[in-house]
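Visitor: Residues per chain are reported as follows:
2 protein chains.
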Amino acid sequence: MSRAASPFPLTGAIEMVHGGGGRAMAELIAGLFRRHLGNPILDKGHDAAVLPAVRGRLAISTDGHVISPLEFPGGDIGALAVHGTLNDIAMAGARPICLSAAFVLEEGLALEELDRIVASLAAAARAAGVPVVTGDTKVVERGKGDGIFITTTAIGEVPDGVEIAPERARPGQAVLLSGNLGDHGVAVLSKRANLDFETDILSDSAALHGMVAAMLAVAPGIAVLRDPTRGGLSAALNEITRAAGVGIVIEEARIPVRPGVAAACELLGLDPLNVANEGKLICVCAEADADRLLGVMREHPLGRDAARIGQVVAEDAPFVRMRTRLGGLRMLDWLSGEQLPRIC
Amino acid sequence: MSRAASPFPLTGAIEMVHGGGGRAMAELIAGLFRRHLGNPILDKGHDAAVLPAVRGRLAISTDGHVISPLEFPGGDIGALAVHGTLNDIAMAGARPICLSAAFVLEEGLALEELDRIVASLAAAARAAGVPVVTGDTKVVERGKGDGIFITTTAIGEVPDGVEIAPERARPGQAVLLSGNLGDHGVAVLSKRANLDFETDILSDSAALHGMVAAMLAVAPGIAVLRDPTRGGLSAALNEITRAAGVGIVIEEARIPVRPGVAAACELLGLDPLNVANEGKLICVCAEADADRLLGVMREHPLGRDAARIGQVVAEDAPFVRMRTRLGGLRMLDWLSGEQLPRIC
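Here the protein sequences come in this chain order: A and B. In this text, residue positions in the first sequence follow our numbering: the first is 20, and each later residue adds one. In this text, residue positions in the second sequence follow our numbering: the first is 20, and each later residue adds one.
No lab work stands behind these hints: they were computed from the structure. It is possible that part of the hints are untrue.
If several chains are the same, the list does not tell them apart, and a pair holds so long as it fits within one copy or across any two.
Capping the alpha-carbon separation at 16 Å, the derived lysine to aspartate or glutamate pairs in EDC-like fashion look like this [unchecked claim]: (1) Lys-210 <-> Glu-90; (2) Lys-63 <-> Glu-186; (3) Lys-163 <-> Glu-334; (4) Lys-163 <-> Glu-126; (5) Lys-63 <-> Glu-46; (6) Lys-63 <-> Glu-318; (7) Lys-63 <-> Glu-182; (8) Lys-63 <-> Asp-308; (9) Lys-163 <-> Glu-182.
Modelling step: build the complete structure from the supplied sequences, incorporating the hints.
Guide: Written out as structure tokens, the structure is:
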């Protein structure tokens with residue numbers, strides 16, 4: 020279907036009939052979803068997309084997006100649904116091949132808002148260079164959903180020789196962080212109905228596979244990549260130490276946090292280390308690769324504030340500890356992240 | 020994680036904390052999801068699953084499942100989420116490789132019910148021989164979801180030489196149907212809160228890729244496969260005629276419908292041809308292959324009642340028509356399917 024062909028009316032709202040498998044659903048799919056997302060594979064309208072075989076190993080990740088509010092400073096659920104899932108396969112070192120997207124729409128969702136969100140999802144996918152090749156649309160009654168949930172699945176190929184996994188962390192390796200913490204969580208919280216505070220912080224929502232490719236080009240032996248989303252840096256580091264049976268020590272003074280984020284977190288009683296990010300990554304690498312990787316990251320628009328924040332240490336229990344600005348060592352647990360629902 | 024390791028308590032209900040990315044979420048995933056779904060790839064607990072490269076072309080499909088009620092005669096949302104998505108790639112002739120599953124859980128969902136549903140999903144995946152290699156769990160507040168939504172994505176490989184697509188329907192080809200229509204829709208409707216009528220009809224929910232493989236073994240040139248889910252047979256046939264620019268004529272007397280389904284449909288004012296199925300397929304094939312395919316289908320447990328129901332005809336407009344028992348020809352439109360929300 021050509022993009023110009025559909026004068027689909029954007030007045031009105033989603034009704035149950037849009038999910039019934041009949042003509043109204045076909046019109047919604049053709050007039051709204053394909054108008055934005057159209058590409059030769061999706062446009063075939065088959066239940067399954069068929070693509071050429073993959074040369075490297077296959078990387079697959081899926082992520083349900085239920086963020087509230089749907090639109091927030093610096094992003095929306097559409098762009099987030101692309102970035103979040105692409106980043107999950109990028110953390111395996113994969114080059115993305117395609118995305119699928121399944122929408123659960125609540126009766127009453129304004130078609131204009133849906134159109135904005137699908138347009139944003141399509142723009143994010145185009146910017147990332149990854150087509151949405153198949154999808155699904157369901158409609159639930161008013162009060163049985165929350166506007167829109169989007170589940171995306173990303174498929175990619177892992178280049179030969181790349182072996183990235185949390186259990187590959189080893190004592191002596193360096194721990195790098197690609198930029199400022201907490202922007203996404205604070206931007207989203209600033210628009211929550213019950214908070215709504217003033218801030219100029221924007222979500223960092225972004226697709227990281229380009230920077231990862233640049234990093235792998237100079238250091239194919241990267242041990243671990245992880246994006247600190249739900250639960251923030253604390254949860255991500257704890258997952259690494261548990262998977263590898265090692266400890267990690269980070270330096271508080273080296274962790275980049277914007278003053279506005281730090282202030283908002285203080286106001287809200289949150290620790291920036293537990294707040295979600297959507298365009299940042301942690302890299303654990305050989306000491307010998309650390310400076311070269313930092314250089315590549317800082318040259319990339321998404322890694323300008325990259326920093327070496329700590330190192331992997333031998334430890335009997337998989338603890339993450341932080342040397343504070345005052346010189347003490349404190350345990351970095353991952354409990355507090357649980358206090359922030361629906362952040363992605 | 021070994022399946023026996025986790026004495027996760029199944030009393031109580033889903034709370035917001037189960038979606039926060041912290042320790043409670045990790046325990047839910049390890050103690051409930053991995054206990055049922057565990058396999059070497061999923062158990063790694065990476066954000067992305069990594070699998071060997073695929074030899075054939077890659078087939079991908081995604082499906083959000085929002086069926087209400089969650090459990091119904093002959094199935095539940097867990098098994099359905101496996102069957103529905105596997106069938107979508109089977110309709111491209113693909114052999115399934117793996118599944119992903121993303122769960123949106125509503126605060127207050129009983130853990131015992133979640134456990135039953137995940138166990139059923141796991142059993143369906145095992146029976147189909149397809150591992151769930153990656154997943155995601157989100158939690159939304161009470162009144163912002165409906166118990167559980169499950170979005171699955173299936174990945175498969177399409178054998179060389181297989182070219183199945185709705186646009187390949189050509190005049191003169193035969194139209195086959197693998198069995199009785201309407202069982203799934205009637206079984207689900209019988210448990211809707213506002214209906215709740217007595218019936219012994221069970222959902223036909225089943226994975227069709229085994230039967231498809233047997234069919235392709237005797238007739239690799241199958242033109243079209245389609246599973247008549249939302250919108251039923253009428254919608255599926257209309258999609259084929261529109262994609263291929265042909266007509267289809269079917270014979271009412273040849274379409275198998277159980278007496279109980281026919282009776283329930285009459286009671287509810289529905290046409291069985293518009294009611295959803297979850298374990299049936301339509302096959303469009305060369306006239307010369309029709310009898311051989313029917314033979315293979317009837318030998319398979321999921322195709323015992325297979326029938327030749329009509330043929331593709333040359334037509335200026337993509338109409339589906341049905342020769343009625345009285346000998347007249349009536350148009351088979353796909354409007355009425357819209358009257359059945361949340362059937363899959």
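Visitor: A separate judgement is required for each hint: does it hold in the structure or not?
Guide: The hints, checked one at a time:
no. : hint                : in the structure
1   : Lys-210 <-> Glu-90  : within (9 Å within a copy, 37 Å between copies)
2   : Lys-63 <-> Glu-186  : between (41 Å within a copy, 9 Å between copies)
3   : Lys-163 <-> Glu-334 : neither (47 Å within a copy, 43 Å between copies)
4   : Lys-163 <-> Glu-126 : both (9 Å within a copy, 12 Å between copies)
5   : Lys-63 <-> Glu-46   : within (15 Å within a copy, 42 Å between copies)
6   : Lys-63 <-> Glu-318  : neither (40 Å within a copy, 33 Å between copies)
7   : Lys-63 <-> Glu-182  : between (36 Å within a copy, 13 Å between copies)
8   : Lys-63 <-> Asp-308  : neither (46 Å within a copy, 26 Å between copies)
9   : Lys-163 <-> Glu-182 : neither (42 Å within a copy, 40 Å between copies)
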